[in-house]
Amino acid sequence: MNYDRPELLDRLAAEYVLGTLRGRARRRFEQLLMTLPAARVSVDEWNSRLARLAEPVPAIVPPPRVWAAIAARTSARTAARSADAARETARQSRWATFWKPAFGFAFGVALTVGLVQIHPSGLVSLDDLANESQALPQSYVGLLTDRNNQPTLLVSSTRQGTRVTVKFLRPVATPAGKVIQVWALPREGAPFPLGVATSASPPGSTTFDMSGSSDKLLATVPRLAVSFEDAPAGARSTPGEFVLVGFCVKLW
Amino acid sequence: MAAAPEWSEQSRELQAQLVRVGLGDRAAFQRVYQMTSAHLFGVALRILNRRDIAEDVLQDAFVAVWHQAGSYQAAAGQPMTWLITVVRNKSLDVLRSAAVRRETALPQDEDGNALDLADDRPDPLGLLEQASDALGIRRCMDALDAAHRQCLALAYYHGMSHSEVAEHIAAPLGTVKAWVRRGLDRLKRCMAQA
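Protein sequences, first through last, are from chains C and B.
According to my numbering, the residues represented by the first sequence are 1 to 252, in order.
According to my numbering, the residues represented by the second sequence are 1 to 194, in order.
Hints are computed from structural coordinates only; laboratory data are not their basis.
For every residue, glycine included, the Cβ atom is placed at its ideal position computed from N, Cα and C.
Misleading hints may appear alongside valid ones.
Here are the simulated distance ranges between beta carbons [claimed, not checked]:
1) 241(C) / 182(B): 34 to 44 angstroms
2) 171(B) / 174(C): 53 to 63 angstroms
3) 187(C) / 147(B): 52 to 62 angstroms
4) 232(C) / 8(B): 19 to 29 angstroms
5) 35(B) / 34(C): 23 to 33 angstroms
Chain C with its partners taken away, still in its complex shape (with noise of 0.2 angstroms):
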């Protein structure tokens, strides 16, 4: 079959959104839409139009049973070791939401750890020097990583302290106009921002002060993030897409 021709494409997306594209020939479309990007672009298209059609469908409130079952089959505690799981993660293309570091968490907060000892200096700025309630060790230690796992960012504050020390490892590359927004990834709820990083060249650091104290904010917050927003994100900002993903871990 001849994909070039751009008709013939608009033609199968349409009938693969419709449904009419079946057996062996859909599942050829299906590997095509893995490879070429025009091919996916038609198929959102069609699934654009084709669910307008679906608004007049009288809509009937499903017994509740079914979200018990739902909510049972994606209760926290079975997730983790569920098939569904297992499937489901295999096929994320967005990395970052459910990231997966390369060597495991152990490797991580190893790396981390191994990281604050050969830079204890980058992780203390002189300004904090000066002010002492700022000059005790790093408690609260976050090594960010690239979507192709290059330590980028290495983040940290004092247990007490409200400010974060952002350590360049590698260049962050900020789009024009948009700022490196922090955010925290509790274990329970969705991200809270922590604030925004002046961008600087490696092995350079800047700071930023959070609204509270570590303790306050981060005891209960295993990873962080970095994503690039318009403006400095408030407190029920949802965020954009995660370009720089890590561990959070509390040293001491």
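Based on these hints, arrange chain B on the given structure of chain C.
Relative to the frame of chain C, chain B by itself:
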């Protein structure tokens, strides 16, 4: 990516909730269910015509939403579009599976002829007309023969294959394929002009 400026209030809220679902927020997940499950159940039931199977499909669909919400991107389309797509695709997969075909096969008399059981789902052509009205493309769509529109409607709302449509309206398979294609072309053209 942020919601587009022309999205409705509901769409924006759904998108915000889905982002939270993608990060494991269970309250947001329940909110998405409250906002959308009735409509999605209606869509599934219309295709499957069996309550028990439709309930299973709805369940599977929402479990998939829980695990895949992180990969839904606003750039690909509105949140309800994505949810409808998930439910429709699962419904069609189930409908086509041999097991369901066996279970829902029409009963037969002693000569092996299929007993004629009335399908109690209302004619989908009416739904297509309603949708066209809502989209402001009724006149444009009505320029197409009712028979052509009915093929599209049967395929969309009842999830029928080309062969099933052909059998349902007693028309040749080749004709039905051409009519479905014409219906899709017209829909695209009408929506582009609206």
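For each hint, the structure was consulted:
1. 241(C) / 182(B): 34 to 44 angstroms: holds (40 angstroms)
2. 171(B) / 174(C): 53 to 63 angstroms: Roughly 60 angstroms apart at Cβ, these two residues keep to the hinted range, so it holds.
3. 187(C) / 147(B): 52 to 62 angstroms: Holds - the Cβ-Cβ distance for residue 187(C) and residue 147(B), about 58 angstroms, lies within 52 to 62 angstroms.
4. 232(C) / 8(B): 19 to 29 angstroms: Roughly 27 angstroms apart at Cβ, these two residues keep to the hinted range, so it holds.
5. 35(B) / 34(C): 23 to 33 angstroms: Between residue 35(B) and residue 34(C), where Cβ atoms are some 31 angstroms apart, the hint holds.
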